[in-house]
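Chemist: Going line by line, the protein sequences match chains A and B.
Counting in my numbering, the first sequence runs from 1 upward without gaps.
Counting in my numbering, the second sequence runs from 1 upward without gaps.
No lab work stands behind these hints: they were computed from the structure.
No residue lacks a Cβ here, since even glycine has one placed at the ideal position from N, Cα and C.
Here are the simulated EDC-like cross-link-like pairs (lysine to aspartate or glutamate), alpha carbons at most 16 Å apart as the crow flies: (1) K14(A) to E75(B); (2) K15(A) to E80(B); (3) K230(B) to E264(B).
Heads up, incomplete: computed chain A residues facing chain B, CB under 7 Å, no partners named: (4) R4; (5) I5; (6) K6; (7) A9; (8) G11; (9) V12; (10) L17.
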Amino acid sequence: MKQRIKVLAQGVDKKDLATSACCTSGGGSKMIK
Amino acid sequence: MILSKYCLTYPDPDDPSSAILFSTKKASIISVPSSMLEDLKTGSVTGEEQETLIGLGMLVGILEGERREMIGFVEGLNAESRVLGLKVAMNLDCNLNCVYCFEGQRKGRLYMTDETALSVAAAVKRWMETLAGRKGDEKIIVTFYGGEPLLSAEGVVSLSRRLKGCAGEEGISYVAYMNTNGSLLTARLAERLADAGLKEVAVPLDGPEEVHNGCRPFKGGRGSFDTIVKNLLDVSGLLGVTVTGNYMKDNYKMFPILLDYLLERGLTPEKIRSVRFEPVTNESEGVGPAGFREGCITYNEEWIAEASLMLREEILKRGYKTNRIGPAVCSMDFDSHFLVNYDGCIYKCPGIIDREEFKVGHLKQGLAFGRQSHGRDSWKNEECLDCAYLPLCFGGCRYMKLVRDGNMDGVDCRKPYFDATLETMVKQDIKYGLV
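Between the sequences and the hints, there should be enough to build the whole structure, so can you do that?
Modeler: So this is what it looks like as structure tokens:
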């Protein structure tokens, strides 16, 4: 069968979230002064 | 197997016969024929497809299992994390007089002493000792903060060098960042900072010269724009540079002029690691600048959706990078993320420094977080667990909740904001290869 899924982004590794707290959400960081 | 609750479906802009699927849990994105959507809902897919979709977080065994996974998501991160995230406020002084500064009336000639800086290093050493064995994934991430951290430039160089040395002795990775206004960031200093382990600076430019100078003047009233741009040109080959910017309802439409100016001056996407614009937040009465009320108190204000989509497009279409959309956890939720204030007091977020009720300790007692006063589990309710956006916000910004409502008891829900923006943002990420 022909491959029906085209992967456009593999996504993030859960572990990487611990290095990016408060800076990457859809809202981003409010702590820029 | 069934489709994850945290998987959203959008029409594919490039192919009307296809659909885009986005997992808020993983930030994974796929395109599939629209005819496959029904098969996905019922789990009628081939073994190979199933394996791919499980890996991307889009197919799950049972929804109850996924719900339990989400409830334990943050605890799982904490259990696995071997990262110490430390923001260090070197002082609460500043050479600028920004109209909206959230540190407002908390600022003054308040500087970290050498003794406190030594205590920071000692606390980091004690944290390293708590790690059982070495797996190679241990990391110390320090963000120098203020006030203006470069008013304590010698202190930053000295402390960063010391922390880099401590980490190196233990075979632990060390990286430092800095939030600075950029006005004191000369090339000579940048070289020394890079040598001491500093990787990247985040420097705000609030739109084109006239707008920026109105928002971020020096204390004497003179504009800071030209000084900062010159410094960025001088240091962009020495340190990573992220340009940030704080916009308000009446000035965000001017920000694309800044982007054109940066290109014209040679601060091109090759020299600027990313650009990130965010709305200014109001502070509580008596804490922020007296009388300032031009910021927002929730992302759900309609103009913010419009502004963030427009500015994101303007950033990306000029070739600059910006944050991609994906899961995000607040620093308050991480057991090993702290802010150390100039006086050694420890908090969980820069927004709540000097608020005694949210102090979680002091360097003398080490780095620990035993208090549950920060609304950490506020999103563990039916409504949030049923919301496909949960992994993007986990209860939103506690600081904004505090400023808005005077407490952190509850969530800073962003559903209306994500309803208005997420589809476009996911499509921007695909269009500009931000994946």
